[in-house]
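S.K.: Chain by chain, the residues:
There are 2 protein chains.
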Amino acid sequence: MKNETTSTDQNLSEQIIKQILNLWTSRNKAFTDFFNKYADKDYLNEVAPGRNRAIYLLGHLIAVNDGMIPLFGLGERLFPELEIFTGNADKSFEINASVEELKTKWASLNDVLTTKFSKMTVNEWMDKHTAVSSEDFSKDPQRNKLNVLLGRTNHQSYHLGQLNLLTVKELVG
Amino acid sequence: MKNETTSTDQNLSEQIIKQILNLWTSRNKAFTDFFNKYADKDYLNEVAPGRNRAIYLLGHLIAVNDGMIPLFGLGERLFPELEIFTGNADKSFEINASVEELKTKWASLNDVLTTKFSKMTVNEWMDKHTAVSSEDFSKDPQRNKLNVLLGRTNHQSYHLGQLNLLTVKELVG
Numbered sequence: 395m396k397n398e399t400t401s402t403d404q405n406l407s408e409q410i411i412k413q414i415l416n417l418w419t420s421r422n423k424a425f426t427d428f429f430n431k432y433a434d435k436d437y438l439n440e441v442a443p444g445r446n447r448a449i450y451l452l453g454h455l456i457a458v459n460d461g462m463i464p465l466f467g468l469g470e471r472l473f474p475e476l477e478i479f480t481g482n483a484d485k486s487f488e489i490n491a492s493v494e495e496l497k498t499k500w501a502s503l504n505d506v507l508t509t510k511f512s513k514m515t516v517n518e519w520m521d522k523h524t525a526v527s528s529e530d531f532s533k534d535p536q537r538n539k540l541n542v543l544l545g546r547t548n549h550q551s552y553h554l555g556q557l558n559l560l561t562v563k564e565l566v567g
Numbered sequence: 395m396k397n398e399t400t401s402t403d404q405n406l407s408e409q410i411i412k413q414i415l416n417l418w419t420s421r422n423k424a425f426t427d428f429f430n431k432y433a434d435k436d437y438l439n440e441v442a443p444g445r446n447r448a449i450y451l452l453g454h455l456i457a458v459n460d461g462m463i464p465l466f467g468l469g470e471r472l473f474p475e476l477e478i479f480t481g482n483a484d485k486s487f488e489i490n491a492s493v494e495e496l497k498t499k500w501a502s503l504n505d506v507l508t509t510k511f512s513k514m515t516v517n518e519w520m521d522k523h524t525a526v527s528s529e530d531f532s533k534d535p536q537r538n539k540l541n542v543l544l545g546r547t548n549h550q551s552y553h554l555g556q557l558n559l560l561t562v563k564e565l566v567g
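One line per chain: the protein sequences are A and B, in this order. Heads up: the first sequence runs through residues 395 to 567, numbered per my numbering. Heads up: the second sequence runs through residues 395 to 567, numbered per my numbering.
Take these hints with a grain of salt, some might be off.
Same chains, same label: a pair holds when it works inside one copy or across any pair of copies.
In silico DSSO-like pairs for lysine-lysine, Cα to Cα no more than 27 Å straight-line [as the list claims (entries may be wrong)]: (1) Lys522 to Lys412; (2) Lys533 to Lys423; (3) Lys485 to Lys435; (4) Lys510 to Lys435; (5) Lys485 to Lys499; (6) Lys485 to Lys563.
Rather than coming from a laboratory, the hints here were simulated on the basis of the structure.
Produce the complete structure using the sequences and hints provided.
M.R.: Structure follows, in structure tokens:
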């Protein structure tokens, strides 16, 4: 009944990837919880004076995470209309979506990503993503899908730290 | 020469852990780079009005990361005098250290952690940390050291996002 006798190394790799996916899921939940905390209009505020608005960061996170679908060879982006949030700063373009619409897209994206990720094998996670050539991948086998997921999870934590600085004025009753 | 024939599964779990360690190292470097960007006095500023000062977040990160040494059963904290930064908000206690001193401690801690982590085997990473009982660990084997490292890496990214909001006034020449 000891770990050493029942766990093969394949099990170990699977367990590690499962832990990484669980962390991803928990960080998504923290992000979702943040956007359910206040009234939608509060997310039009900047996280700090002169900095990104919360609505922009929501669009940014959807767009960046949506990019994993083509990057992992799993299909097309769900929301190509939000790709503008990936390479452009806040206030350099008009946001043509409400907080409510973005929240709905965020939830749909996570449903789709969760389903797709749950079907991926260890070998798929360790395989190259579509933005790296076979030649470059053979030189640096860490340029795999798992590394992208680890990086995107940290990217999300980075922006969640900023979002938690959002100041929301209490209504004076 | 194909991956499938040269990589054993043990290699796979080792490779995954190596990737996680590389991410940890790269996030440490980003943090170090941030604290080498400005004059030491600039880190006495708050990251946003009324929020944590950068010097506090530096002490906080040292203290939280230093806690991994006892948590992984690798010895005692290097800087027990900084443990006050883990459970106490900024400005609730006096910071008895300069930015320079904290930066030196941050660098020493990372040297020690890097050396200790590099010697850990896959099985050690997958084993329980010292704050979980054997009984609880058998119910939830994800409460291992690797999970702590993944969480601490995201914790660091979270605060780096906030630090990057720091406003430093340019000197008027």
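S.K.: Which numbered hints turn out to be false for this structure?
M.R.: Hint 4 contradicted; others consistent.
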